[in-house]
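Visitor: Take a look at the letters that make up each chain.
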Amino acid sequence: MQVAALKPDTKQVKIEVKNLTKRFGDLLVLNRINFHVAQGEFLAIVGPTGCGKTTFLNCLSKLIPTSEGNIFIDGEVADPKRHNISFVFQEPTCLPWRTVRQNVAYGMQIKGFPAAKINERVDFMLDLVGLTETQSLYPNQVSASMVQRITVARAFAVDPDLLLMDEPYGQLDVKLRYYLEDELVKLWQTLKSTVIFVTHNIEEAVYVAERILVLSNKPTNIKAEVNVDLPRPRSLIDPDFVAIRKHVTELIRWW
Amino acid sequence: MADIQETIQDLGRQGSSIADEIQQTVRDKKPLTIRRIVTNEYLLHVLSMTAFLLVWHQAAVSGLFAGALATPWQVVERFQGLMTDTLAGLTIWGHIWASTQRIFIGFVLASALAIPLGLFMALNPYVDAIVKPVFDIFKPMPPIAWISISILWFGIGEPSKIFIIVIGTFVPCLLNSYNGMRLIEPELYDVVKVLGGGRWNEIIQVSFPASFPAIFAGLQISLSMAWTCVLAAELVASRSGLGFIIVQGMKISDTSLVIGGMIIIAIVAWLSSLLIAGLEKYLCPWKRDIAGL
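If you read the protein sequences in the order shown, they are chains C and X.
Taken in order, the first sequence gives residues 1 to 255; the numbers are from the working numbering.
Taken in order, the second sequence gives residues 256 to 548; the numbers are from the working numbering.
Check the hints yourself; a few may be wrong.
[What the hints assert, rightly or not] Stretch-level coverage of chain X by chain C, calculated; a stretch enters the list once three of its residues show a Cβ under 8 Å from a Cβ in chain C: (1) 446 to 452; (2) 456 to 469; (3) 482 to 496.
[Claimed, not checked] Below are the BS3-like pairs computed for lysine-lysine, each with C-alpha atoms no more than 30 Å apart in a straight line: (4) X:Lys-394 to C:Lys-81; (5) C:Lys-11 to C:Lys-192; (6) X:Lys-448 to C:Lys-111; (7) X:Lys-387 to C:Lys-18; (8) C:Lys-117 to X:Lys-448; (9) X:Lys-506 to C:Lys-14.
Everything labelled a hint here was simulated from the structure, so no lab data went into it.
In this text, a Cβ means the ideal position worked out from N, Cα and C, and glycines have one as well.
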């Protein structure tokens, strides 16, 4: 456990956030945030409640404009039309009128992938998340955890430059969450996507991420950066795991 | 590639063990007891219907309502006769068809106008701003209030009746398609935006399918409104239709004709709403349930 250097120099930088600032009128929410994400890195972002995590993600995904600063993908200003950005929302965002299979294909259709490639890729993704047998059902016919897996599969399916996840498992019970976290790590290991995972659950962050950014209270800035250099699969009761978890908890508690 | 395969298999194994529950229910086989027979849903349906008919019959026979109440059997006989005999030149089928035809034409006209307009209003704030104030004037006006003016404009023929139906069905059709599209979860649009889709993607992929169920709810309301309107129009001035049968029965003090007309309206209106429900089921398959659940 050590505080990492700001720029991970062993890997190629994929995402660069420079001076990201967001104001709503006089209210300064995000205050000059700077960080990098390496190609294929799994980065978790944790912070106290109300620190502007959602605003932060909305800026990163370009859903709302930034006041100052910007996010760069491969050195260019991020643009959903040009870059491949994926978002797993906290709320289930499956389209009720599409089957499980059509939902997984949805992202690729918006992106204009050729039909043959979509088909092949959907088969692969359904297999990967274990939804092959339920592919012809509608979202209201499957369980809540499966609905979230559909959106996760949809997000990974477009082979994103940047995958943003906003507490995707916040509304699930502990058992399902553990299971889906394992699945998420395997998806990431298999598909090598660059992931930014926002959560308020510190244990979850330590379990899935390679590196954790701890946010401060409003106006939000990066308070600390923690490298999670633990072997996988990780154990929640491993002393090193517990030490990192406690360290991050302390960082959040004593602002 | 080998380790990917392994990962897939690994995930597959886990997938079947947990969090993969497709719910299955088995019909429970309880022993047949008296309590179960007495509380059987269908038996209770039959009992309540029988009781209703008996009370009706008794009320008719005992001369309640000054004798202006036909027994159930008299109603059946009267309408059996009307299947071959004519009333004002039409058998009962002819009168049913006359009303249904008016409903159909008015309903199709109104929904063809109101649904696209409602969707446009929800999609475009300028269209909304232009149409809404005018629409808000007409919205609370009961369609029946239009009968006099429509007869003055279109005479007592078919056009005036269809006009009333259009007026009556227009409002619920428009309101439902308008609200259905406005109440779509904003996150569904965010998904399209993040993926780099444009406005057209949002409309085709999200707005239209998401507003379908609300549109169909509007069609159901419109349909019952249409039946109210066609009856009112036929009661006022008509030589055919189910409303005409009722008025005719009243004029010649034939209560079996009046009551029978009412019952037939209920049946035909119910059948037409089943038709809409069937259409919705066909066009919105995601609203279906899992068979046997």
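Visitor: Next step is simple, just say for each hint if it's right about the structure.
Guide: A quick look at each hint next to the structure:
no., hint, in the structure
1, 446 to 452, "holds (count 7)"
2, 456 to 469, "holds (count 6)"
3, 482 to 496, "violated (count 0)"
4, X:Lys-394 to C:Lys-81, "violated (42 Å)"
5, C:Lys-11 to C:Lys-192, "holds (13 Å)"
6, X:Lys-448 to C:Lys-111, "holds (11 Å)"
7, X:Lys-387 to C:Lys-18, "violated (46 Å)"
8, C:Lys-117 to X:Lys-448, "holds (22 Å)"
9, X:Lys-506 to C:Lys-14, "violated (86 Å)"
Of the numbered hints listed earlier, those contradicted by the structure are 3, 4, 7 and 9.
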